[in-house]
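So the protein sequences, as listed, match chains X and U. Quick note: the first sequence uses my numbering, first residue 1, plus one each step. Quick note: the second sequence uses my numbering, first residue 1, plus one each step.
Calculated directly from the structure, the hints in this document are not laboratory data. Note that beta-carbon positions come from the ideal geometry of N, C-alpha and C, so glycine has one too. A couple of the hints might just be wrong.
Said to hold, decoys possible - Interface residues of chain U toward chain X, partial, derived using beta-carbon atoms under 7 Å: (1) A51; (2) L101; (3) V103; (4) N104; (5) P106; (6) A110; (7) R116; (8) E129; (9) R133; (10) D141; (11) T170.
What the hints assert, rightly or not - No farther apart than 27 Å at their CA atoms in a straight line, the calculated lysine-lysine pairs in the DSS-like style are these: (12) U:K208 with X:K210; (13) U:K210 with U:K352; (14) U:K352 with U:K208; (15) X:K169 with X:K208; (16) X:K320 with X:K352; (17) X:K352 with X:K208; (18) U:K150 with U:K169; (19) U:K169 with X:K169; (20) U:K320 with U:K352; (21) X:K50 with U:K67; (22) U:K50 with U:K208; (23) X:K320 with X:K208; (24) X:K169 with U:K67; (25) X:K210 with X:K150; (26) X:K50 with U:K50; (27) X:K210 with X:K67; (28) X:K67 with X:K50; (29) X:K67 with U:K208.
As the list claims (entries may be wrong) - Far from chain U, by Cβ distances over 10 Å, these chain X residues were calculated: (30) K50; (31) P85; (32) G100; (33) A110; (34) P124; (35) G127; (36) E167; (37) I248; (38) R258; (39) H283.
Number of protein chains: 2
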Amino acid sequence: MKTTLLILLALTLASARPCAALEGTPAPSNVSGAEYPRLTTDLRVTFQLKASQAQQVLLEGGAGLVKAPLAMTRDETGTWTVTTPPAVPGFHYYWFTVDGLRVNDPASYAWFGWGRETSGLEIPEEGSEFYTRRPNIPSGDVRERWYLSKTTGQWRRAHVYTPPGYESKTRTRYPVLYLLHGAGENERGWVEQGRAGTILDNLIAEGKAKPMILVVDSGYARFASQTVDTNRSAATAAFETVMLEELIPLIDAHYRTRADRRHRAMAGLSMGSGQTLNLALRHLDRFAWIGGMSGPPRAGFDVNTAYDGVFRDPAAFNRKVRLLWFSAGTAEERFHSSTVAIHESLNRAGIKSVFYSSPGTDHEWQTWRRSLHDFAPRLFRD
Amino acid sequence: MKTTLLILLALTLASARPCAALEGTPAPSNVSGAEYPRLTTDLRVTFQLKASQAQQVLLEGGAGLVKAPLAMTRDETGTWTVTTPPAVPGFHYYWFTVDGLRVNDPASYAWFGWGRETSGLEIPEEGSEFYTRRPNIPSGDVRERWYLSKTTGQWRRAHVYTPPGYESKTRTRYPVLYLLHGAGENERGWVEQGRAGTILDNLIAEGKAKPMILVVDSGYARFASQTVDTNRSAATAAFETVMLEELIPLIDAHYRTRADRRHRAMAGLSMGSGQTLNLALRHLDRFAWIGGMSGPPRAGFDVNTAYDGVFRDPAAFNRKVRLLWFSAGTAEERFHSSTVAIHESLNRAGIKSVFYSSPGTDHEWQTWRRSLHDFAPRLFRD
Numbered sequence: 001m002k003t004t005l006l007i008l009l010a011l012t013l014a015s016a017r018p019c020a021a022l023e024g025t026p027a028p029s030n031v032s033g034a035e036y037p038r039l040t041t042d043l044r045v046t047f048q049l050k051a052s053q054a055q056q057v058l059l060e061g062g063a064g065l066v067k068a069p070l071a072m073t074r075d076e077t078g079t080w081t082v083t084t085p086p087a088v089p090g091f092h093y094y095w096f097t098v099d100g101l102r103v104n105d106p107a108s109y110a111w112f113g114w115g116r117e118t119s120g121l122e123i124p125e126e127g128s129e130f131y132t133r134r135p136n137i138p139s140g141d142v143r144e145r146w147y148l149s150k151t152t153g154q155w156r157r158a159h160v161y162t163p164p165g166y167e168s169k170t171r172t173r174y175p176v177l178y179l180l181h182g183a184g185e186n187e188r189g190w191v192e193q194g195r196a197g198t199i200l201d202n203l204i205a206e207g208k209a210k211p212m213i214l215v216v217d218s219g220y221a222r223f224a225s226q227t228v229d230t231n232r233s234a235a236t237a238a239f240e241t242v243m244l245e246e247l248i249p250l251i252d253a254h255y256r257t258r259a260d261r262r263h264r265a266m267a268g269l270s271m272g273s274g275q276t277l278n279l280a281l282r283h284l285d286r287f288a289w290i291g292g293m294s295g296p297p298r299a300g301f302d303v304n305t306a307y308d309g310v311f312r313d314p315a316a317f318n319r320k321v322r323l324l325w326f327s328a329g330t331a332e333e334r335f336h337s338s339t340v341a342i343h344e345s346l347n348r349a350g351i352k353s354v355f356y357s358s359p360g361t362d363h364e365w366q367t368w369r370r371s372l373h374d375f376a377p378r379l380f381r382d
Numbered sequence: 001m002k003t004t005l006l007i008l009l010a011l012t013l014a015s016a017r018p019c020a021a022l023e024g025t026p027a028p029s030n031v032s033g034a035e036y037p038r039l040t041t042d043l044r045v046t047f048q049l050k051a052s053q054a055q056q057v058l059l060e061g062g063a064g065l066v067k068a069p070l071a072m073t074r075d076e077t078g079t080w081t082v083t084t085p086p087a088v089p090g091f092h093y094y095w096f097t098v099d100g101l102r103v104n105d106p107a108s109y110a111w112f113g114w115g116r117e118t119s120g121l122e123i124p125e126e127g128s129e130f131y132t133r134r135p136n137i138p139s140g141d142v143r144e145r146w147y148l149s150k151t152t153g154q155w156r157r158a159h160v161y162t163p164p165g166y167e168s169k170t171r172t173r174y175p176v177l178y179l180l181h182g183a184g185e186n187e188r189g190w191v192e193q194g195r196a197g198t199i200l201d202n203l204i205a206e207g208k209a210k211p212m213i214l215v216v217d218s219g220y221a222r223f224a225s226q227t228v229d230t231n232r233s234a235a236t237a238a239f240e241t242v243m244l245e246e247l248i249p250l251i252d253a254h255y256r257t258r259a260d261r262r263h264r265a266m267a268g269l270s271m272g273s274g275q276t277l278n279l280a281l282r283h284l285d286r287f288a289w290i291g292g293m294s295g296p297p298r299a300g301f302d303v304n305t306a307y308d309g310v311f312r313d314p315a316a317f318n319r320k321v322r323l324l325w326f327s328a329g330t331a332e333e334r335f336h337s338s339t340v341a342i343h344e345s346l347n348r349a350g351i352k353s354v355f356y357s358s359p360g361t362d363h364e365w366q367t368w369r370r371s372l373h374d375f376a377p378r379l380f381r382d
């Protein structure tokens, strides 16, 4: 049949160009056919941007990639280039600052972070297969489910992972983990950047985690009646109302869950850690498994007064809560030291809690991927 | 509890600012809290970008939004502004060209189009409710399913819509529509820009379409053994191999499909229309329902030789093919006239075919949303 221009365009987009002379390999987060960003075996990353009229171009991004803005160098064709020092493996947001304007890299996919669509870079970690998709194991489905919230008056989107076997074992019911994102990200973070579905697929295939349903929703909410929201406690209350009165009932109605506290876990990262502890520790009738990843640093944690005094009776708490678990990366020092301090003061008070430390990672997704990989196997064990 | 900086940041991102003096309303495609782009009731759109060091900023995008680049005007604070003439309702890609550099709008979400992440604008159409989510009807799930293709050696992602009732009627099997995107877009196009799930939810709730499974995959493929793909027929063959030997068997194995030609449809838009006709008309043992939306213009269509002569015996064709259907928008003149010409020459030759014409829309998603809304109710009727 006659070839068309559009099909040729598509093939051009979809096909790789020859690249014999280039060092390294295109990053896996590149759009199809893009040669840059490129990774070398020692984890340096080379970026390029064509911006022939620009006076100054900087590379900026997550701390595991660039600690401070890196100046890029212009060649005679107007292409700017920079190579980073060896980077931390995992996922990093990044962007170019072109004469003061923050712009994305057309060569990379975008992910929602920093309150906006932001370029992202995936750097494989040698020996870390736990978040890599495997072809020969059963895998679950990640589903998008929209619902109109009466609390907020707005449509919300939950992502729901149903585990392998969910389709065929139509009488089996599953425990549920509710997992929250951090500030500036959204309800796709755990699915895309966090690879939560792949992590659970792998753990379940290895027999290390129980098959479970995973629910990821947005952590943002404000009451429909408020036009302007500058009140933290109102926003917290709105989120908690959505979670307890809308999301959990929706999931329990629509999916084959085990709808009791012993089969319901909640965890979150950063802002989502704060939300999880605030909500779950005050609603132990609803949750028996609780996790906080890279929680916001807090001073003056008092085991007797925190969370309305839930820790005052350690024996009662330990009987009721099956797991209280924390994590942080060693490179996010304030988060790490604050979390360790809370964990230690809880243990001194007789409250059982677990702490997972992610070596060498900052306030970034590699910390949270590893955290989920540590947390999920502990869930629903009794 | 103690308020943290991160939670405050999140609330700032999530909350609307007061806007008493601004004309119009923020577009529904804006990120949370962004006041621009703004829509007025006569469908003009005002865009803003802060770029204080820029010398020239242009607004560019889809033809239904801006026919040609529109110069933006700088104010004393370095904010550039422009208001378009009244735009065509629906979804439009757009971007800013800042001193020659194409950049996205931080105030809008990004969608994959033009081979890259691109800002998008949704303009509601008065009276068009068919692609609007409704709270009080049952809705299906859109699922992401990854698979490692032996043909291409790469992971591919299919989006699978399962209709309302799929969860509860665990013995019911469903017909399947395979739907392809166009050049420069990807396997999320029909889900995000096209709103295919919502369109089917609404049609099914109204009793206008049969409950069906919808599958959207990538239209790009090249054989694993090819390093560089500049050969159209090889790419076509790779895509067809993936579709026939991998995707369809995967879907039939994993979901409760009716796995025969009478319950299998294929359609696509633009490049995907070409792919659909090339594949389905040569594999009538696999498909009985065939649709082409905004097919690439083609000269010299010969009903006797096209698609290996499949139209040579009209009586046999009409007995075998339950639906051959085409569509185009009146504003995409070359696509429209070419499609009409093919449709008319088929009908002159005694081949039954249907043509849907979308009034006033160009080579854009509003054409394809309306096309799906016309096509889906015709499927699986006998």
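Going through the hints against the structure:
no.	hint	result
1	A51	holds (5 Å)
2	L101	holds (5 Å)
3	V103	holds (4 Å)
4	N104	holds (6 Å)
5	P106	holds (5 Å)
6	A110	holds (4 Å)
7	R116	holds (5 Å)
8	E129	violated (15 Å)
9	R133	holds (6 Å)
10	D141	holds (4 Å)
11	T170	holds (4 Å)
12	U:K208 with X:K210	violated (41 Å)
13	U:K210 with U:K352	holds (22 Å)
14	U:K352 with U:K208	holds (22 Å)
15	X:K169 with X:K208	holds (20 Å)
16	X:K320 with X:K352	holds (11 Å)
17	X:K352 with X:K208	holds (22 Å)
18	U:K150 with U:K169	violated (33 Å)
19	U:K169 with X:K169	holds (13 Å)
20	U:K320 with U:K352	holds (11 Å)
21	X:K50 with U:K67	holds (26 Å)
22	U:K50 with U:K208	violated (47 Å)
23	X:K320 with X:K208	holds (24 Å)
24	X:K169 with U:K67	violated (54 Å)
25	X:K210 with X:K150	violated (33 Å)
26	X:K50 with U:K50	holds (21 Å)
27	X:K210 with X:K67	violated (39 Å)
28	X:K67 with X:K50	holds (23 Å)
29	X:K67 with U:K208	violated (57 Å)
30	K50	violated (8 Å)
31	P85	holds (26 Å)
32	G100	violated (5 Å)
33	A110	violated (4 Å)
34	P124	holds (14 Å)
35	G127	holds (20 Å)
36	E167	violated (7 Å)
37	I248	holds (17 Å)
38	R258	holds (16 Å)
39	H283	holds (15 Å)
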